Amino acid sequence: MNKIILSIPIFIILIISIFLFIFLLQEKNPTKPPSALLNEELPKFSLVSLFDKTVTLSSLDVVNQITLINFFASWCAPCKVEHPLFFKIKKKYLNLFILGIDMQDTNKDAIEFLTTDGNPYDYVGVDEQGLVGVEFGVIGLPETFVVNKDGKIIYKYLGPLTDKIIEDEIEPLLQ
Amino acid sequence: MISLIGFIGLLFSCIFSVSIVISFFNQNKKVYEKIFYYSVYLSAISILVSFLALILAFINSDFSNYTVFQNSHSSKPLLYKIAGTWGNHEGSMLLWLVIMLIYNCVFSFNKTLDISLKKLTILFQSSIYICFALFVIFTSNPFLVNSILVNEGLGLNPILQDPALAIHPPLLYLGYVGFSLILCLSLSGTLLNKIDKEWILTTKNWTLFCWSMLTGGIALGSYWAYYELGWGGWWFWDPVENVSLMPWIAGLALVHSLMMAKNEPLLKRWIVFLSILCFSLSIFGTFLVRSGILTSVHSFASDSSRGIFILILFLIITGFSFILFIFKSNESNTKLNLLFINKTSALVINNIVMIIACLTILLGTIYPIIIEVVSNKRISVGAPYFNSTALPILLPGFLLMSIAPALSWQNNKLPKFKYYLITFISMSTLTVIISWFSFFSIWGFIGLLLSFIIIAGSVLTIYINSTKFGYQNFLNYNNALIAHIGVGIMILGITCSSVFKSEYSLSILKNEEIKFDKYSVELIDIKILERDNFQELKAFLQINKDKKVMSLVNPSKRYYHVSKIITTEVGIYRNWFQDFYTVLGSENNKKWDIKIYTNPLVNLIWFGVLLMVFSGFVGILKNE
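Chains as they are written, first to last, in the numbering used here: chain A, 1 to 175; chain B, 1001 to 1624.
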């Protein structure tokens, strides 16, 4: 009898641990907050090009192809960290359209950044006021979205990408 | 280079710990006795070398080290470069290891304990160390080399650049990592069946030390939150605050039980249970914070493989301890001397109350996780839950505090009962009068009453003690009472600053004077100042009372160029009675939004805590 009472803490610990294990294995990562946009249509937008003010790209231009959208800015240090990875992706998936959206930044700084660090994007749009970011529910830079051929957002990642995340989570979506 | 030295130091500390384990099991040979102790010293020295190497890497801004690159910046002031060493996951885990081995080393100089007991304790501590060292090496190595060549680091969070926050983590760790030694003492005491007077004294001193450090650490954290975050509050029931509070409460129960244990032998088993609980809660807390399961203001970079590793560690250490506890702890044949109201019954109530409070907080903290696993919904449990559950549970404990130290072991009598009765009645009347003339709020009333009763009851007991024993050895007799007065003062501070605080949102033009309550505030000037690494928008506010200037305060906003972060700096004017806490908002049509909080007696919170910590240290030093 006594031993049973004494083992109560062990049972409590075991039960709690089981829940925690399940939680961990489901990988409910806070960097992937449930986005209201997931599996929704791409929001409508129109973006002036960073390099040529006469060129614009609208949300209608990116359908019928898989698109990777990356929100960045020249002042954002983690963006610089993930930056080289886009070259890798570009090399591997030639047909992938990579759209960079330069958010709340000055054109001069952004161009300087892309000249020194290289430009992996197929198109760089300017979102000076961060209004397109609001449409996408961006809460911090960098943020990355994957849009499928039907124009639906199928993936969202908050924070700088890493090799592991690209391999495990993004590449399967690009096949 | 320096990272390499650090990593080698870390490896050597591990190797020496293994050598402690090996030499323990070969005790029959004389050589191994020497190896045992030398390994204890050498392991501590190697981990210190490793830690110093990391600190040096931070001081030199050696960005070839990945941890330094991620968490430091060359323009940081020296103090924060050093503090940056433990301001991140990898570095703080290394600090964890350092503290484990320093405790181990200091403990090995103990002369009073039985040799076999001492060696077994060192063995357990070293084994736990090896587990944690493996965790650090495999999942959180602070000495990784940066794969790209950079000349600037990424870490420059200005909010974290604060003296209070620089020493907050080490203090906290000295507390809850130290509980590992208490656990080891309990395990070896149980295994060898040697929980005697010496054991109790040693364990009590170590527990008091750890608990006092933990108290100081938590208090510093809350003080930082008060003046840095600019929300006017100082405790947010943030999950990370909760996980430091749980071992604190369990440690408090343990400290009390240990102090009583010399007179109440039955408590031994309970003490062992509590010491297991303390360290289990510490590891559990670490797990919750480092696995990234919980999101909070303290979030570290998270990684689920770390989480799984710590969870397994938690299961092994806790499971082993509890199993040992079930099968080895001896049942005592004596009965508890429980009377309606004597010291033993007060202690039992105190312990029950604390354990229930601890479980309640635990439930609130992990409930969102359980719900998410079961129903895939995300919910959050916040302050309302904790305020309406944990606080009422603690009430009976607080009430008992006022008289418990004066109770007797053997009988139901409270000596000089009349004096206590008169004191309590007069305190209650005082509370009624205060509530009558201010305003009535149920929590305000309870809080005031409790604090008055605790303070007055303790002061009365001190007075009675002094008439009986004189003022020689004053601290010896009255140390516990001083801690209790500290709690009373803290409750007074908490009650007044939360129930009686006022908040004013004003919109003010330059040179305008606006009244609030009995005071008025005038915006003298607002300036933009250029500083080394930030630009500051500083307001010069003058607080007046009856046309007389009370003080000038400068709330400001800072914009840090490198990290592009805007922070709010509060301007606080303190006087004996209250804090005027001002926050600068934004501009609208030349009118500036400012927020003023008046927080009566808020500083008593930290003063009370200081008394508790003081009493904790006196408790270690006083002669039994």
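Keep in mind the hints are simulated off the structure, nothing from the lab. Remember, it's a predicted structure, so these values are computed and weren't measured experimentally. For glycine and all other residues, C-beta sits at the position ideal for the given N, C-alpha and C. A hint or two may mislead.
Claimed, not checked - Some chain B residues judged to face chain A by a derived CB distance under 10 Å, without partners named:
1) V1145
2) L1149
3) V1240
4) E1241
5) S1291
6) F1314
7) L1315
8) T1318
9) I1323
10) F1325
11) S1329
12) I1369
Now the hints, each set against the structure:
1. V1145: Check failed: Cβ of B/V1145 comes no nearer than 16 Å to chain A, outside 10 Å.
2. L1149: Where the cut-off is 10 Å and the nearest Cβ of chain A is about 13 Å from B/L1149, the hint is violated.
3. V1240: violated (14 Å)
4. E1241: With Cβ-Cβ at 18 Å, over 10 Å, it is violated.
5. S1291: Holds. Min distance 6 Å.
6. F1314: Holds, because the Cβ-Cβ distance from B/F1314 to chain A comes to roughly 7 Å (cut-off 10 Å).
7. L1315: Since chain A brings a Cβ to about 6 Å from B/L1315, closer than 10 Å, the hint holds.
8. T1318: holds (6 Å)
9. I1323: Nearest chain A Cβ about 7 Å off; hint holds.
10. F1325: holds (7 Å)
11. S1329: With a minimum Cβ separation of about 8 Å from chain A (threshold 10 Å), the hint on B/S1329 holds.
12. I1369: Holds: closest Cβ of chain A sits about 5 Å from B/I1369, inside 10 Å.
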